[in-house]
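A.B. asks: In order, the protein sequences belong to chains A and B. The C-terminal residue of the first sequence carries number 114 in the numbering used here, and the numbering is unbroken. The C-terminal residue of the second sequence carries number 115 in the numbering used here, and the numbering is unbroken.
Hints may be right or wrong, so weigh each one.
Dumping the calculated DSSO-like pairs for lysine-lysine here, alpha-carbon to alpha-carbon at most 30 Å [stated by the list, open to error]:
1) A:Lys113 to A:Lys42
2) B:Lys103 to B:Lys65
3) B:Lys65 to A:Lys42
4) A:Lys56 to A:Lys113
5) B:Lys7 to A:Lys113
6) B:Lys103 to A:Lys42
7) A:Lys56 to A:Lys42
8) A:Lys106 to A:Lys42
9) B:Lys7 to A:Lys67
10) A:Lys56 to B:Lys7
11) A:Lys42 to B:Lys7
12) B:Lys103 to A:Lys109
13) B:Lys103 to A:Lys106
14) A:Lys67 to A:Lys109
15) B:Lys65 to A:Lys56
16) A:Lys67 to B:Lys65
17) B:Lys103 to B:Lys7
18) A:Lys56 to A:Lys109
Read the hints as simulated data drawn from the structure, not as lab findings. Fair warning: this is a prediction, and the values are worked out from it, not measured in the lab.
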Amino acid sequence: QKEVEQNSGPLSVPEGAIASLNCTYSDRVSQSFFWYRQYSGKSPELIMSIYSNGDKEDGRFTAQLNKASQYVSLLIRDSQPSDSATYLCAVRRFYGGSQGNLIFGKGTKLSVKP
Amino acid sequence: SAVISQKPSRDICQRGTSLTIQCQVDSQVTMMFWYRQQPGQSLTLIATANQGSEATYESGFVIDKFPISRPNLTFSTLTVSNLSPEDSSIYLCSVDTLQSNEKLFFGSGTQLSVL
């Protein structure tokens, strides 16, 4: 089982709709979770971080974390064509009380159609 | 967030040569990392660049192929040695600051093509 799994997509939604991006992770001791957006030919840009169970909202973005199910999601409300990008889920583990590395999923390609 | 300058932004190299990528941060950072992103793939950590000591390499990456330097808290280089077409990738520098609460920020990346 891959450590961080995402549906590669492409996920296509109409402009104004809600885009839902999902991510599962295998290591139960993971503590920190991040969503990055990557436009084609560009480097990843951090858009959300979440550390505790529940929802975290920032503008049009909502991150959801369920540690029992080992599941992280990102909702994008009122999707815009400019949201078209690859969204990378990243998980940070801890080893013996110290920080581990960020492990990235393969990313989900989102396409928002005008 | 830290401002990260990475160069070159892209290069085309001949097989058997080497390319050195530089990463400069505008403030002192705790951790600096080098990632590789092969075409259509996600990011894979190559190594953690340690200030004043040898880098810590991930499984599958070795110092002879990917020598790394970090002479101070704001600068690091990654060299990709003895290039082959399989090394064609995007290479990314990333940093983790005391203020960032574990968030990683990325440089603009280096697109390497090996002929």
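A.B. asks: Run every hint past the structure and note whether it holds.
C.D. replies: Here's how the hints hold up against the structure:
{"no.": "1", "hint": "A:Lys113 to A:Lys42", "result": "holds, 21 Å"}
{"no.": "2", "hint": "B:Lys103 to B:Lys65", "result": "holds, 28 Å"}
{"no.": "3", "hint": "B:Lys65 to A:Lys42", "result": "holds, 25 Å"}
{"no.": "4", "hint": "A:Lys56 to A:Lys113", "result": "holds, 26 Å"}
{"no.": "5", "hint": "B:Lys7 to A:Lys113", "result": "violated, 34 Å"}
{"no.": "6", "hint": "B:Lys103 to A:Lys42", "result": "holds, 18 Å"}
{"no.": "7", "hint": "A:Lys56 to A:Lys42", "result": "holds, 26 Å"}
{"no.": "8", "hint": "A:Lys106 to A:Lys42", "result": "holds, 15 Å"}
{"no.": "9", "hint": "B:Lys7 to A:Lys67", "result": "violated, 39 Å"}
{"no.": "10", "hint": "A:Lys56 to B:Lys7", "result": "violated, 35 Å"}
{"no.": "11", "hint": "A:Lys42 to B:Lys7", "result": "holds, 14 Å"}
{"no.": "12", "hint": "B:Lys103 to A:Lys109", "result": "holds, 22 Å"}
{"no.": "13", "hint": "B:Lys103 to A:Lys106", "result": "holds, 19 Å"}
{"no.": "14", "hint": "A:Lys67 to A:Lys109", "result": "holds, 24 Å"}
{"no.": "15", "hint": "B:Lys65 to A:Lys56", "result": "violated, 42 Å"}
{"no.": "16", "hint": "A:Lys67 to B:Lys65", "result": "violated, 38 Å"}
{"no.": "17", "hint": "B:Lys103 to B:Lys7", "result": "holds, 22 Å"}
{"no.": "18", "hint": "A:Lys56 to A:Lys109", "result": "holds, 22 Å"}
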